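> In case you want the letters, here they are:
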Amino acid sequence: MKFLIWLSSECQSLEEMVGALKRANHEVGVLLIQDGVYLADRGCSHSDELKKLDVPVYASKPHVEERGIMDRLVIDVKLVDYPEIVDLTMEQYDRIIST
Amino acid sequence: MKFLIWLSSECQSLEEMVGALKRANHEVGVLLIQDGVYLADRGCSHSDELKKLDVPVYASKPHVEERGIMDRLVIDVKLVDYPEIVDLTMEQYDRIIST
Amino acid sequence: MEKKTLGILIMSGPYTFQNSHTFYNFVRTALDKGYGVKVFLFVDGVNNAKLNQDPSPDEPMNERFQELADLGVEFQACGLCTSARGFDQSGADFIPGVEVSGLTEFAEIVGEVDRFVTLSI
Amino acid sequence: MEKKTLGILIMSGPYTFQNSHTFYNFVRTALDKGYGVKVFLFVDGVNNAKLNQDPSPDEPMNERFQELADLGVEFQACGLCTSARGFDQSGADFIPGVEVSGLTEFAEIVGEVDRFVTLSI
Amino acid sequence: MEFTEKKVMILVRSRPFGTIINFEGWRAAVGMFGMDHESFLMFMGDGVYALLKSMDVKHVMMFKNTYESFDGVLHASKRSLEERNISPDELFDGVEILDEDGVAKAFTENEVIITF
Amino acid sequence: MEFTEKKVMILVRSRPFGTIINFEGWRAAVGMFGMDHESFLMFMGDGVYALLKSMDVKHVMMFKNTYESFDGVLHASKRSLEERNISPDELFDGVEILDEDGVAKAFTENEVIITF
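So the protein lines, in turn, are chains E, L, D, P, F and W.
Take 0 as the starting number for the first sequence in numbering that gives the first Met the number 0 and just add one per residue.
Take 0 as the starting number for the second sequence in numbering that gives the first Met the number 0 and just add one per residue.
Take 0 as the starting number for the third sequence in numbering that gives the first Met the number 0 and just add one per residue.
Take 0 as the starting number for the fourth sequence in numbering that gives the first Met the number 0 and just add one per residue.
Take 0 as the starting number for the fifth sequence in numbering that gives the first Met the number 0 and just add one per residue.
Take 0 as the starting number for the sixth sequence in numbering that gives the first Met the number 0 and just add one per residue.
Chain E on its own, in the form it takes in the complex (with noise of 0.2 Å):
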């Protein structure tokens, strides 16, 4: 099964949900969004959990321009507008869990 999480603010429990998703099989994307961007940023603490958990990440790209973080991003992300975030969301995974 696929799961996408919704980031949109902090990075709690992030590696805990993610593992324990991850061991056992299942396939797992993450969506920063809103304030979630930061977590990519090179000013992020978290951004090591991240880089490690390795699964594609997904970043708002609109949330990163109007952030004026584009250049700082310190995590392989691919960066989605509107159209993509609703593909992700409705067609490329299962179910949604929001954070």
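If you are wondering where the hints come from, they were derived from the structure by calculation, not from laboratory data.
Owing to the predicted nature of the structure, the values given are computational and were not obtained by experimental measurement.
Among these hints, one or two may not hold up.
[Stated by the list, open to error] Listed below are the simulated DSS-like cross-link pairs for lysine-lysine, each with C-alpha atoms no more than 30 Å apart in a straight line: (1) LYS3/D - LYS57/F; (2) LYS57/F - LYS21/E; (3) LYS52/W - LYS77/W; (4) LYS50/L - LYS1/L; (5) LYS104/W - LYS77/L; (6) LYS60/L - LYS3/P; (7) LYS104/W - LYS52/W; (8) LYS52/W - LYS1/L; (9) LYS77/W - LYS21/L.
[To be verified] Over the 10 Å line for every Cβ pair with chain E, so calculated as not near, a few chain W residues: (10) MET0; (11) PHE2; (12) ASN64; (13) GLU89; (14) ASP98; (15) LYS104; (16) GLU110.
From the three backbone atoms N, C-alpha and C, an ideal C-beta is built for every residue, glycine too.
Given chain E, work out where chains L, D, P, F and W should sit, using these hints.
Same frame as chain E, but now just chains L, D, P, F and W:
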């Protein structure tokens, strides 16, 4: 000068702020209120940081009690109710920094 | 094949949190792609539907929510949350198309959607 | 000697955040000790003053804010925040004693108080 | 889609008291029974603080009782508890503690996840 | 107390965009001039993200311009910037970076501190 840190949610930059004031020879106290009281809970990874600051720590008694963490406090706090909170704010400290 | 339906729970009010803007863009795009959308306004989320909001011109919340309702989005608002905040239980304080109901209607939405997203504070 | 005055900025609405409860207990105690209190309602803080709130009986927000106003607390509400949320600029949607004004009045409060506390989200 | 009875997880990650979100999770868990869904109340992260039996339960007692009267079970993540130094005997009676496998299974078996 | 013109610190610690609180800090900083206070805009913690010159400034441009037209200076904590790997050349022109002594001095010299 005596500063009171009114701490109601998170501990971001607490050392930065308290440390700067202490090293400039000011007196600093920390008042934990609302969710701020979790900072003194034995489950909070930042409670050591607070302990090391070596400043008087006050904790709002009603907020500790309702959360049921009275027996879990790992920091030597002075429990205060509203009359003492008002007294701390208006008389015992000169300036409040809300965080 | 029938298009899937998206369910959303929103618990934050407009202006203070970015959720309402994301909500509009996300839902509007889902509609454009042909999906159905059902929304439950919970806690401060009911504030999004309040009539006569007069914010800065680039955030016309009433027009945006009205637009979504006119495009067929189902909006249910928590009744207890509505009356707690001093708004009319009949829905008279809300944009047309928002129905004041309760958690049973929320549970109904949950049973009718293919994907579910929570927008909290 | 004249008693000191406490200034408070509150930016959260009732119910969702614990601030409003802490605010009431804190301000009521300060009044009982003889201090003056001046309050600016900013952002979602203006929602605290909304009339006809009907929450659970142990959280009678209107009665509590009215009680504080009757005891002499000065309440100013941000006008832009008020109209953005669809409330009457005259203050007609708010409990008596709350004045809809602006940041100049906020700056006035800041100049008139001995201690200042911010209650944010 | 046509209405379908589902397995619904109410995932509570917020702390109690500071905001009302945690308490509203309990309420929503009860609400799911209104349409005959199976309701699965799961506490993770700081949400587990809401399971301390020493807590003032006035805000959740009614929902907790109703949820349990429908045979609803309270679930907590073992790791979240351990990270917060919360031992099982500090929790309400009847809390089921899920290890990593249990957490993964819960996310798989519940068809809808609603976060508070 | 009788009205007194004061030195007022607007202490911005919240992140921009996710909530409006950060932007309202800029507005409040301008508002202080309405009663002839001295207004001291100070960014600490995640608040420093609001000083990235690559940021979309549409929400704050008007306040920023007005604040600066009153000779207001933007201040940032050196340590907050360093902890977030933000170098001075990423910031708006004219931001004054305060080291620990500067931060302590700012808290001492400003008579009122309002947090956003």
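> Against the structure, test the hints numbered earlier, and report the numbers of the ones violated in rising order.
Failing hints, ascending: 1, 2, 8, 13.
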